[in-house]
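Engineer: Sequence:
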Amino acid sequence: MSGVIKVALSGSALGDYIFGLDPQLLVDALITIIAMFALFLLLSYLLFNPARNMLQKRQDFIKEQLETAAKEKEDAIQFKSEYDAKLKAVDKEAEEILSETRKKAMKKESVIINEAKEESARILERANREVELEKSKVKDDVKQEIIAVASIMAGKIVASSLDDKKQSQLIADTLKEMGDETWLS
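Everything in the sequence shown is counted per this note's numbering, starting at 1 for the first residue and increasing by one.
Hints in this document: simulated from the structure, not taken from any laboratory. You can trust all of the hints, since none of them are fake.
Computed cross-link-like contacts, DSSO-like style, restricted to lysine-lysine with a CA-CA straight-line distance of at most 27 angstroms:
no.	residue 1	residue 2
1	Lys139	Lys176
2	Lys92	Lys108
3	Lys156	Lys166
4	Lys117	Lys104
5	Lys137	Lys176
6	Lys165	Lys176
7	Lys176	Lys156
8	Lys107	Lys117
9	Lys176	Lys166
10	Lys104	Lys92
11	Lys176	Lys143
12	Lys63	Lys80
13	Lys156	Lys139
14	Lys103	Lys86
15	Lys92	Lys80
16	Lys103	Lys117
17	Lys71	Lys88
18	Lys165	Lys143
19	Lys88	Lys103
20	Lys57	Lys71
21	Lys88	Lys104
Let's have the full structure, built from the sequences with the hints guiding it.
Structural biologist: Quick look at the structure:
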């Protein structure tokens, strides 16, 4: 073998190369770098892009969830304001119903009181008429009594045949006892 083959087996032989690099090592390193770059591209295509897509989908999903939550919050605020408005309207309507009921009760009370006053006036008027009728009846009874007494007296007068002077005196005395009012009413 005529050519010299240099083998870097020992530390003394390393002095012939810079940092102990030989061309084969450089070629192997270059092939390794190219292989790693190819592997990186392959892994990027096979693993990293799906991971990126998954992360992008996750970000989109979270963004959509946040937008949905914001929209639902706005809807909830709107529903709450509508609920509060309806609650106020119900309170107002209840107050109006109570006010209307009170007014109706006051009118009904007034009507009942007026009817009671009218009824009491009718009862009082009827009682007054009955009292007047009783008075009239008593007066008629008294007149009948007086007429009966006068008839008896007249019979006695005729029976005793008194003279005219005595007869006039008896009539005058009787009328005086009974009073002029009885005959005038």
